[in-house]
Each structure stands twice: as structure tokens, then as C-alpha cells.
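Novice: Residue strings, one per chain:
There are 2 protein chains.
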Amino acid sequence: LKLLTAARDLKRRKARERNTLFVVEGIRATEELLRSPIRTRGALVDSSLAKGERGRLLLDELKAKVPELAEVSEHDFATAVHTDSPQGVLVIAEIPEWSLADIVVSDGIRLLLLDAVQDPGNAGALVRTAAAFGVAASIALPGTVDLWSAKVVRSAMGSQFRHTVLHAEFGDVSEFMTREQIVLWGSETGAPPLPSRDARPARLALAVGNEGSGLTSAVRTRVERTVGIPTTAAVESLNVAVAAGILLHELYN
Amino acid sequence: LKLLTAARDLKRRKARERNTLFVVEGIRATEELLRSPIRTRGALVDSSLAKGERGRLLLDELKAKVPELAEVSEHDFATAVHTDSPQGVLVIAEIPEWSLADIVVSDGIRLLLLDAVQDPGNAGALVRTAAAFGVAASIALPGTVDLWSAKVVRSAMGSQFRHTVLHAEFGDVSEFMTREQIVLWGSETGAPPLPSRDARPARLALAVGNEGSGLTSAVRTRVERTVGIPTTAAVESLNVAVAAGILLHELYN
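Heads up: the protein sequence lines correspond to chains A and B, in order.
Note that the first sequence covers residues 5 to 257 in our numbering.
Note that the second sequence covers residues 5 to 257 in our numbering.
Take these hints with a grain of salt, some might be off.
Said to hold, decoys possible - Within a straight-line C-alpha distance of at most 35 Å, the following computed DSBU-like cross-link-like pairs (lysine-lysine) qualify:
1. B:Lys55 <-> A:Lys18
2. A:Lys15 <-> B:Lys155
3. A:Lys18 <-> A:Lys155
4. A:Lys55 <-> B:Lys18
5. B:Lys6 <-> B:Lys55
6. B:Lys18 <-> A:Lys155
7. B:Lys155 <-> A:Lys155
8. B:Lys55 <-> A:Lys55
9. A:Lys155 <-> B:Lys69
10. A:Lys67 <-> A:Lys55
11. A:Lys15 <-> A:Lys155
12. A:Lys155 <-> A:Lys6
13. A:Lys15 <-> B:Lys55
14. B:Lys69 <-> B:Lys15
15. B:Lys155 <-> A:Lys55
16. B:Lys18 <-> B:Lys69
17. B:Lys15 <-> A:Lys15
Note that these hints are calculated values from the structure, not bench results.
Chain A extracted, bound-state conformation (with noise of 0.2 Å):
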């Protein structure tokens, strides 16, 4: 693998689709990424990296578990980067194949759909949100930000990694939870709150909606239920990171 050369072309979604490859920048991440079960190709470092002790810990964690490492020059490396502040570190590692299928269902399972949220910062909040809270898979609907970008992956604090995400079609979605009796709410300003523990089904998909436009007209049409949460009047919405955060507490408690 040409390091540099495909840190760079990565940046494209249909090169990391293309590829199934996509990078982590930074030291956090890329900690969390090397005590995860995904599989990383190699490692572009520069000589920023080993200033700092932690920096210098992480070095030798990558010499001895990435297939290949390069220390490039800083101006090599800020011509691969995807962030802002990479911190002399990025890792190029396998996107999981997870898909629908690899979804285990049983009752009791939450899932969170996003439908065409665009903002990588929210895309990541929102994954996390799901992945702390144990929600089976967050799965990311036409629209929806590449939830392996590297902005979305530093927004999820890299919980990716042990948390399954997946792009998928609306239909093979929507035929999945028929299959399998999951039952599809959405989020949406205005709309009731959730009602109380024992009208709620034991298996759910919550679909939380794009920034401006919320919910797709195709989602809005095969909810079974729209819930929201009761605000002042002098605002109109909550951010969807933050809603569908309130929601998901509500679900698991």
C-alpha cells in the first residue's frame, strides 16, 4: 500500500467505499482504533508525533501492531490529512462489512436510523450516543453523511470501532424490520412525547431526520409514530444530536 498516496485519495467517499478503507487522524483515535477488533493496513506519521510521551507510547504501539508504518516529512503529511489537528498520527484501516444481517435481534433491541443528517459533527454525536447506550447498530439512510469520514469518526470519538454502523437502502431497511417485527418511530419537532414504558414495542427503530428538513417523505410515510420533546415555544427545535440523545435516555430507562 502507497501510504501517502492513498491517505490522500481517501478523503473521497467512493474511494473509501471503493476501497472499504478509511482513516483515523489523532492520538485518542487512534489509540481506541488499536485496541479494537478492526484491522488496520498502515500508518503515516510525522515528527510531531514523538514530542509528546503519549505521542511516543502510541509510536511504538504502532511499530509493533500496523502492517506498515512511514514517517513522512510535515509537509507530505498535512497534504494527507482529512482534519484539522491530526496530530502527526493517521491510520489507514478496514471498513467491518457489517450489514443488516450481522444485526442481532431480540426483543428489547433499539436501533437509530439516520435519515439524511448531513452535518459529520452530528453524524458522529449521534453514534455515539447509540454505541453508549447499547442500541444494536446505528445505521446511516441515502442522505446521511459517510459515517466513515474522518470527521465523523473524531466527532464519534472512534466509537465506530465497537459499535455496529452500516450504510444501507431505505426498502432492505424497511423490509428488515418486517421481517423481523421491528417497529419504526420517527423524531420530530412538535410531534407528542414518547408515551410511557409499557406502549412502547419491545423491538424499535428510531429515525432521527436531517438538520433543516427532517425526516425523508419515504421515513415520514412508514413510521408507525412520531415523538419529540415538549420545549418553551421561543425555540423552535432541538439540535438532532441532542433530541435524538433525549430520546434514546427515555428508551433505556
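Fit chain B to the given chain A structure using the hints.
Specialist: Here is chain B on its own, set in the frame of chain A:
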């Protein structure tokens, strides 16, 4: 006011603070601004604004409401803007000079303290959430991103226009809380959940900390209690805005 020069200058936090002016960009945020009590100084537009119906309506509204309006070339406009998709409109407005003395304290009051929150997206989501739930004020402590930066305004969906936000030193905030008998709690990863309703103080300020390092030592020393959100073991923490959203939602329910 030389609008183009002023807009460029206001990219710097120091310039915003010295002039008590800030910049709003984008159609929706500008619409919100013009319906709020915030005073405007002038607007810059380029030819792209009037290409859509909503933009044309906004242009008419700007002509009627803003003291000074300049249409500049797309090139000049691009040199003045602060965010990625300004949609052809930028307004310079006055930062409201709110202080601790403007906060009306009574039983039931809740305040949000941002203790060195650095990400503009997180800070904006926090302010938006506080506004949505009726928090009396969002107070940014030193180390926090400028709540009047264009990125924070955008992320907050302009909730600064109708919700009291201010920057203050922690010493002043601490004295204010003592004088007004407001109890300080801090949100911290791994801390116990919120106590039951009857164990919650009538007057409460909730502090949330930095994305990486949590609460500063000054705040941690001063809090009477830390509270958290139980999660599964796999992921150690939630995004700061998601965590605050869950806690504030509980505090208002």
C-alpha cells in the same frame, strides 16, 4: 460603518469584543435576527441572495429594517464571510450587553455554565438547548469559544437572539451564585445520575466542561455535586451537548 472592512475585521474575537459587534450569516439566521430585538448596523449581500424567492423576500426586509445595505461582488463578499455557506447575506449586529445583573432570579431558576467548551458546534447546541428548555441564561466561562462567533450563532440557530448569553469570569459567577443562593452542580462522566425531584435545589446552575478534559479545577472545587448519565461500559462518555440536553430535559421534567 465600512461594511466590508468591518465584516472582515469581525472575524477576530478581539474585534468583536472591542466593538461589541457580531456577524450573522445565512438566510434563516438573518430572518431570525430581523424578528428579534437585536439591533443591526448593516448588511452585505451579493447577487446570489436574490436568486431564490426566500432570498428576494429577505432582501426587501433588509432594505426596510437595516440602517445600511451594500451589494458587493461575489468575490468581495467571499473575503468577508465567516462561515461555509453564507447564502449571499451577512449582517453586522450589536452584541447585547447582558451581565449577571440582568438575570432575574427566582425559585425554579436554572442556569447553564459552559466551562471551557471549545467546539463551536457543541457551544451552539448547548445554547440552543438551554434556550429551548427555558434556562434563564447560558454563561460562558474563560476558555469557552466566543458565543458570538458566526459559527456558534449558526449552530445555535440564532437562539442567542432571544436567550440571555454572556461571558463572565468564574469568580464573579461564583459570588453571584452565593449571593442569590444558587447551587452549583457539575456534569461529569461516570458521576451518579440526577437525584429525585425533591432532592433538587430550587435554584440551580449546571456546569458542563471541556470536550477533552471536563470541568476546570476551579469549577470542580466549587460544585456541590457532580451528576452524570449512566451508559453501558463500552463507551466512556457522551458528547457534551448531548449530555447537557439529557440533564436539562430531566431537570425540567
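Novice: Does each hint hold? Answer for all of them.
Specialist: Against the structure, the hints come out as follows:
no., hint, result
1, B:Lys55 <-> A:Lys18, "holds (32 Å)"
2, A:Lys15 <-> B:Lys155, "holds (24 Å)"
3, A:Lys18 <-> A:Lys155, "holds (16 Å)"
4, A:Lys55 <-> B:Lys18, "holds (31 Å)"
5, B:Lys6 <-> B:Lys55, "holds (25 Å)"
6, B:Lys18 <-> A:Lys155, "holds (29 Å)"
7, B:Lys155 <-> A:Lys155, "holds (17 Å)"
8, B:Lys55 <-> A:Lys55, "violated (52 Å)"
9, A:Lys155 <-> B:Lys69, "violated (39 Å)"
10, A:Lys67 <-> A:Lys55, "holds (16 Å)"
11, A:Lys15 <-> A:Lys155, "holds (10 Å)"
12, A:Lys155 <-> A:Lys6, "holds (22 Å)"
13, A:Lys15 <-> B:Lys55, "holds (32 Å)"
14, B:Lys69 <-> B:Lys15, "holds (24 Å)"
15, B:Lys155 <-> A:Lys55, "holds (32 Å)"
16, B:Lys18 <-> B:Lys69, "holds (28 Å)"
17, B:Lys15 <-> A:Lys15, "holds (28 Å)"
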